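Enquirer: As a plain string of letters, each chain reads:
2 protein chains.
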Amino acid sequence: MKTRPLILVTNDDAADAPGIKKLAGIMKKLGDVVVISTEQPMSGMAHAVTVNVPLKPRLLVEEEGYREYISNGTPVDNVKLCKHTLLDSLPDLVVSGINHGSNASINIIYSGTMGAALEAAIDGIPSIGFSLSDYSVGADFSHVDDYVEKITRKVLEDGLPEGISLNVNFPKNDKPLKGIKVCRQAKARWVEDFEKRVDPFGRTYYWLGGHFANGDTREDTDEYFLAKGYVSVVPVQIDFTAHHLVDTLSFD
Amino acid sequence: MKTRPLILVTNDDAADAPGIKKLAGIMKKLGDVVVISTEQPMSGMAHAVTVNVPLKPRLLVEEEGYREYISNGTPVDNVKLCKHTLLDSLPDLVVSGINHGSNASINIIYSGTMGAALEAAIDGIPSIGFSLSDYSVGADFSHVDDYVEKITRKVLEDGLPEGISLNVNFPKNDKPLKGIKVCRQAKARWVEDFEKRVDPFGRTYYWLGGHFANGDTREDTDEYFLAKGYVSVVPVQIDFTAHHLVDTLSFD
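Sequence lines, in order, name chains A and B.
For the first sequence, our numbering gives the first residue as 1356, with consecutive numbering after it.
For the second sequence, our numbering gives the first residue as 1356, with consecutive numbering after it.
It should be emphasised that the hints constitute simulated quantities derived from the structure, not laboratory data.
Just so it is clear, the structure is predicted and the values come from calculations on it, not from any experiment.
Each hint should be verified, as a subset may be incorrect.
It does not matter which identical chain is used: a pair holds within one copy or between any two.
[Unchecked claim] Computed list of lysine-lysine pairs in DSBU-like fashion (alpha-carbon distance at most 35 Å, straight line): (1) K1551 - K1536; (2) K1530 - K1411; (3) K1542 - K1509; (4) K1551 - K1530; (5) K1384 - K1551; (6) K1411 - K1533; (7) K1542 - K1505; (8) K1383 - K1551; (9) K1509 - K1536; (10) K1551 - K1377; (11) K1551 - K1533; (12) K1536 - K1377.
Only chain A is shown next, with the shape it has when bound in the complex (with noise of 0.2 Å):
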């Protein structure tokens, strides 16, 4: 009988990033580990994967009850290299991140934090990504441990529907965390703002750019917990049909 359960830490920041050394360290508390990351930083990837170039994960730690692979993937390419290659069995659940810079509201569609997570929820499963809005490099996640692990604890013990993902975004260490929110994504979006530049040969290109506009002034989305001090819990899906508009939209 299983007795520890298997557990896929992934990430889109690369093997350096403190965010998965801070999440693999949690799950070696939780079960055995097996860490897959980014060979580069792939922050912005979304759920993309590699059709034109072959991948090829590297084996760098091999010990009890514990693995370690870099790939030059991107984050969704590295779950489906665990599900069906790499591991001899299918996880018992996948943690993504801790995401250097939030993933709360719209950020979700652009995370290849969150399309890692969202991966394994396709093959049914569960999985959490977890974020901390803080974008810096020496981010501080002294403030999560307890969080992250009570989280995932009762996600081991209960499991999520199928298709079914956790988006966990934790504010900056400023002040002292309030507690958990479940919660829904805010209605916010980036305004682009490129920045115009020439080459050296006069060829115009542009460098992205925007600020993030949150108009939505609901009091229980994830924006409005974040602010508050609160961890936020978006459950989040994988199915994108808008159902309420499958009855109501005609072309005939």
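Add chain B to chain A, keeping to what the hints say.
Expert: The following block gives chain B in isolation, referenced to the frame of chain A:
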């Protein structure tokens, strides 16, 4: 007073794909058209954005009521560039495709075509992704014209609710189309089957592969109606929240 709507046409199969030429041709009947396509095929890029290299859009064609750009970024980058940089005003409609390959059911989550359409929806621009269940470069698009025009005219006239896009899929052209069905995303998935190879230096690498598995037997899904010979239209949303779980999950 503006008499003709401004329609942005984009894709993930690059500028020479017959699908985008077909779509641009139909849109010219309905409004002023700006086309922006990817330099390279970008299938599987989902909602990815480019943060590590700058974007270099190039204007290829400029005529009365028609412009054509190509750019090195992802489909989502291309929509972002047009929304706030290359165009003087937001487009009235964004159409994406016609993709060479199905984006029905779970394919939407990997799709660059639908990434572009959803990016428009984030800014409240009505958008439609069109895809054909035929991956070949020489895919036959001769059966889609009337349906593309009908669906597009309807969206131009009525708009779409905020944050909503349409995921339109056509069966392969092997029998007459039966009509349009508004429906739900089927619960299907890809079962990975990586092809393992060894390079000349003895290192193992993998090519992503797999087969499509639809275990969804409901008779109101996109896969169901496509198999029956209908055009499927799934209204899709940028809100990932599983609202039915927000009040039932608890971590206290």
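Enquirer: Now look at each hint and say whether the structure bears it out.
Expert: Hint-by-hint comparison with the structure:
1. K1551 - K1536: neither (41 Å within a copy, 44 Å between copies)
2. K1530 - K1411: Close neither inside one copy (42 Å) nor across copies (42 Å); limit 35 Å.
3. K1542 - K1509: For K1542 and K1509, the Cα distance is within 35 Å both inside one copy (28 Å) and across copies (26 Å).
4. K1551 - K1530: neither (38 Å within a copy, 49 Å between copies)
5. K1384 - K1551: Between. Shortest inter-copy distance 33 Å satisfies the 35 Å Cα cut-off; intra-copy 49 Å does not.
6. K1411 - K1533: neither (43 Å within a copy, 46 Å between copies)
7. K1542 - K1505: So K1542 and K1505 pass the 35 Å test inside a copy (28 Å) and across (30 Å) alike.
8. K1383 - K1551: between (46 Å within a copy, 30 Å between copies)
9. K1509 - K1536: Within one copy only: 15 Å inside, 41 Å across.
10. K1551 - K1377: between (38 Å within a copy, 32 Å between copies)
11. K1551 - K1533: Neither: 42 Å inside a chain and 49 Å across chains, both beyond 35 Å.
12. K1536 - K1377: For K1536 and K1377, the Cα distance is within 35 Å only inside one copy (22 Å; across copies 48 Å).
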